[in-house]
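Residue numbers (this note's numbering), protein chains in the order written: chain A, 1 to 298; chain B, 299 to 542.
FYI, nobody ran anything at the bench for these hints, they're computed from the structure. Quick caveat, the model's predicted, so the values are computed rather than measured. Be aware that a few hints might be false.
[Claimed, not checked] With a Cα cut of at most 30 angstroms, we get these calculated BS3-like pairs of lysine-lysine:
(1) B:K397 - A:K90
(2) B:K360 - A:K54
(3) A:K268 - B:K460
(4) B:K379 - B:K362
(5) A:K200 - A:K12
(6) B:K305 - B:K360
(7) B:K300 - A:K90
(8) A:K200 - B:K460
(9) B:K446 - B:K377
(10) A:K12 - B:K300
(11) B:K380 - A:K268
(12) B:K360 - A:K268
(13) B:K446 - B:K492
(14) A:K3 - A:K140
(15) A:K36 - A:K200
(16) B:K534 - A:K49
(17) A:K200 - A:K140
(18) B:K492 - A:K54
(19) A:K36 - B:K305
(20) B:K305 - A:K246
(21) A:K77 - B:K470
(22) A:K3 - B:K528
(23) B:K534 - A:K54
(24) A:K200 - A:K77
(25) B:K300 - B:K446
(26) B:K528 - A:K49
(27) A:K230 - A:K153
(28) B:K446 - A:K268
(29) B:K300 - A:K36
(30) A:K268 - B:K377
(31) A:K246 - B:K300
(32) B:K401 - B:K300
(33) A:K268 - B:K300
(34) A:K268 - B:K492
(35) B:K528 - A:K36
(36) B:K360 - B:K300
(37) B:K460 - B:K470
(38) B:K470 - A:K268
In case you want the letters, here they are:
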Amino acid sequence: MTKVDILGVELKNPIIAASGTFGFGREFDEYFPIEKLGAISTKGLTLNKREGNKGIRIYETASGLMNSIGLQNPGVKGFIEDDLPFLEDKDVVILANLGGSTIDEYLEGIELLNNTSIDFIELNISCPNVKEGGMAFGIKCSTAELVVSEAKKVSKKPLIVKLSPNAENIQEMAYSCVEAGADGLSLVNTFNALAIDIYKRKPVFENVTAGLSGPCIKPIALRMVYEVSKVVNVPIIGIGGIISWKDAIEFIMAGATAVQVGSGNFIKPDITMDIINGIEDYMRQEGIKSLEEIRGII
Amino acid sequence: MKETYRKGIIHTNTEISPNIYELVLEGDFHGRPGQFYMLRGWEELDPFLPRPISIADIDSGKIKFLYEVRGRGTHIISKLKKGHSLSLLGPLGNGFDVKVEGKIALITGGIGIAPMLYLAKQLSGEVHIYSGFRNNAYFLDQIRPYVKAVNIATENGSVGHKGFVTDLFDPKDFDLVYACGPIPMLELVINMCKGITPVYVSMENHMACGIGACLGCTIQTIRGMERVCKEGPVFKGEEVVLND
Ligand SMILES: Cc1cc2nc3c(=O)[nH]c(=O)nc-3n(C[C@H](O)[C@H](O)[C@H](O)COP(=O)(O)OP(=O)(O)OC[C@H]3O[C@@H](n4cnc5c(N)ncnc54)[C@H](O)[C@@H]3O)c2cc1C
Ligand SMILES: Cc1cc2nc3c(=O)[nH]c(=O)nc-3n(C[C@H](O)[C@H](O)[C@H](O)COP(=O)(O)O)c2cc1C
Ligand code: FES
Numbered sequence: 001m002t003k004v005d006i007l008g009v010e011l012k013n014p015i016i017a018a019s020g021t022f023g024f025g026r027e028f029d030e031y032f033p034i035e036k037l038g039a040i041s042t043k044g045l046t047l048n049k050r051e052g053n054k055g056i057r058i059y060e061t062a063s064g065l066m067n068s069i070g071l072q073n074p075g076v077k078g079f080i081e082d083d084l085p086f087l088e089d090k091d092v093v094i095l096a097n098l099g100g101s102t103i104d105e106y107l108e109g110i111e112l113l114n115n116t117s118i119d120f121i122e123l124n125i126s127c128p129n130v131k132e133g134g135m136a137f138g139i140k141c142s143t144a145e146l147v148v149s150e151a152k153k154v155s156k157k158p159l160i161v162k163l164s165p166n167a168e169n170i171q172e173m174a175y176s177c178v179e180a181g182a183d184g185l186s187l188v189n190t191f192n193a194l195a196i197d198i199y200k201r202k203p204v205f206e207n208v209t210a211g212l213s214g215p216c217i218k219p220i221a222l223r224m225v226y227e228v229s230k231v232v233n234v235p236i237i238g239i240g241g242i243i244s245w246k247d248a249i250e251f252i253m254a255g256a257t258a259v260q261v262g263s264g265n266f267i268k269p270d271i272t273m274d275i276i277n278g279i280e281d282y283m284r285q286e287g288i289k290s291l292e293e294i295r296g297i298i
Numbered sequence: 299m300k301e302t303y304r305k306g307i308i309h310t311n312t313e314i315s316p317n318i319y320e321l322v323l324e325g326d327f328h329g330r331p332g333q334f335y336m337l338r339g340w341e342e343l344d345p346f347l348p349r350p351i352s353i354a355d356i357d358s359g360k361i362k363f364l365y366e367v368r369g370r371g372t373h374i375i376s377k378l379k380k381g382h383s384l385s386l387l388g389p390l391g392n393g394f395d396v397k398v399e400g401k402i403a404l405i406t407g408g409i410g411i412a413p414m415l416y417l418a419k420q421l422s423g424e425v426h427i428y429s430g431f432r433n434n435a436y437f438l439d440q441i442r443p444y445v446k447a448v449n450i451a452t453e454n455g456s457v458g459h460k461g462f463v464t465d466l467f468d469p470k471d472f473d474l475v476y477a478c479g480p481i482p483m484l485e486l487v488i489n490m491c492k493g494i495t496p497v498y499v500s501m502e503n504h505m506a507c508g509i510g511a512c513l514g515c516t517i518q519t520i521r522g523m524e525r526v527c528k529e530g531p532v533f534k535g536e537e538v539v540l541n542d
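Turn these sequences into a full structure, and let the hints guide you.
Structure below.
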């Protein structure tokens, strides 16, 4: 009943664990069978292993949190050797979330992932571009187009581009990425945000700013998904502050084919199971046979 | 499968010293000394994250926590009354090794005393505790029956030695040291013990998931970044990289 199709890949349900909040699934599999999820997006990978940021990495805000993890990850090769086998043993759809600081790094990462069993590449374009003085790839359409079109040329996997809400104009950004070859879009990543320690008279985070997520961003994320769904014709995965089945249904009504749950996993490790059950109950009550019936009805 | 957040009914929630509360919950909870639970004392989304709190004791169908009111989360928990319930996830983390022998020193600063009752109860060697406080000493009366000696220091001298607890302690007298407290104290203890006595410290960091997935709670160790909630919170002193 709850199954959805994304680019020919069937998901048991529209609930995907969001990148960076779910590791590679191992820890959560101790609390519920992760096979029950529609899909899993891996911790953000980069070509080479990264240690991540120093200093404080997590800071609570009103109905959400800021994070500055700095893409600590084992590198694409480390993932393929040590983490992918665990996921391959599970009957679950895998999105390999890939970041990079240069276009070449993205491309080399894609080439390594091409020869694996992952189902999708989720291209994280919120990463700082070293060639552009650290401005993220996903801010200006021209930069995003470049990385997406190059990625599309080498990728043998369906390419889902994960948009940053910090883009200058989210509709133009979505349109540009699809024109450049994105097979699907996921949005949003975290909002660039600031917190100040007034006693130390310094920013809380060493990198000054950090990414805001959680229920506090939901209404803006929902608006962005709604707007993007009006200008593109590819599947959209909605992300941002989803912690209940009602939130998930809202995103679907706004045009999302599936949704990701990120910060919500910190409230309760098996929150995704509550969301899936809630969606089933709602569909039964409302006499909905397929989520297609309500997708994009707003 | 491990258990997800579950409810614990409050048996008592008492202020045992200004701003220091002892919380006792009913239920079949388990865990080792030095392990912790993530606590949520509210149904709302705000505060968003659960709070990590060490196991202070577990005994016949009850679990005890000792906490200091610092910000909003602990303030909300301090207002809960008998019969109210809290959600908790755990036990989490590695904990202290209790299968050790010889003469052991427990060194605590402030609320770092929280895990020491449960630890002292389970250690079989000769245990001496050194506890430092800002002005009031607390919780030691409960620990006293399980240790050979209690040493106290307060910053204002109101109880015990006036100054830091590290003034009282000589690592040469011990085979093993366990410490929990503020980072500057842990740093001092690690340096004092260097090359003399093995020391294990319980570390703190802001946490989101508490189960090892978000990489939010990592600290620098000689092996690289490690998670306080998973590889820790107890680390070998010489392996922790402090002050960079
Ligand atoms: C493994 C571990 C065990 C702990 N055991 C105890 C204990 O037994 N008793 C006790 O009183 N305290 C303990 N702490 C510290 C306790 O978690 C914090 O004091 C508490 O989270 C503060 O929450 P708050 O809402 O009062 O403060 P706020 O400042 O409102 O908290 C805001 C955010 O910062 C986090 N935070 C703030 N200070 C700390 C800190 N020192 N450590 C970790 N997170 C922090 C909070 O969890 C929350 O996410 C422990 C911490 C860790 C990591
Ligand atoms: C701790 C943390 C780490 C994250 N790491 C990544 C990452 O590595 N790659 C990525 O594309 N997004 C990452 N994100 C963003 C989430 O996948 C998600 O897009 C964002 O948090 C918004 O959703 P939410 O409000 O449900 O959390 C991270 C978010 C958090 C909170
Ligand atoms: S709190 Fe998430 S990894 Fe430790």
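These are the hints, each one checked on the structure:
no.	hint	verdict
1	B:K397 - A:K90	violated (37 angstroms)
2	B:K360 - A:K54	violated (38 angstroms)
3	A:K268 - B:K460	violated (44 angstroms)
4	B:K379 - B:K362	holds (15 angstroms)
5	A:K200 - A:K12	violated (49 angstroms)
6	B:K305 - B:K360	holds (13 angstroms)
7	B:K300 - A:K90	holds (18 angstroms)
8	A:K200 - B:K460	holds (28 angstroms)
9	B:K446 - B:K377	violated (36 angstroms)
10	A:K12 - B:K300	holds (24 angstroms)
11	B:K380 - A:K268	holds (24 angstroms)
12	B:K360 - A:K268	holds (23 angstroms)
13	B:K446 - B:K492	holds (24 angstroms)
14	A:K3 - A:K140	violated (35 angstroms)
15	A:K36 - A:K200	violated (45 angstroms)
16	B:K534 - A:K49	holds (25 angstroms)
17	A:K200 - A:K140	violated (34 angstroms)
18	B:K492 - A:K54	holds (25 angstroms)
19	A:K36 - B:K305	holds (24 angstroms)
20	B:K305 - A:K246	holds (24 angstroms)
21	A:K77 - B:K470	violated (47 angstroms)
22	A:K3 - B:K528	violated (35 angstroms)
23	B:K534 - A:K54	holds (20 angstroms)
24	A:K200 - A:K77	violated (40 angstroms)
25	B:K300 - B:K446	violated (37 angstroms)
26	B:K528 - A:K49	holds (20 angstroms)
27	A:K230 - A:K153	holds (26 angstroms)
28	B:K446 - A:K268	violated (42 angstroms)
29	B:K300 - A:K36	holds (16 angstroms)
30	A:K268 - B:K377	holds (23 angstroms)
31	A:K246 - B:K300	holds (27 angstroms)
32	B:K401 - B:K300	violated (36 angstroms)
33	A:K268 - B:K300	holds (12 angstroms)
34	A:K268 - B:K492	violated (40 angstroms)
35	B:K528 - A:K36	holds (25 angstroms)
36	B:K360 - B:K300	holds (19 angstroms)
37	B:K460 - B:K470	holds (22 angstroms)
38	B:K470 - A:K268	violated (45 angstroms)
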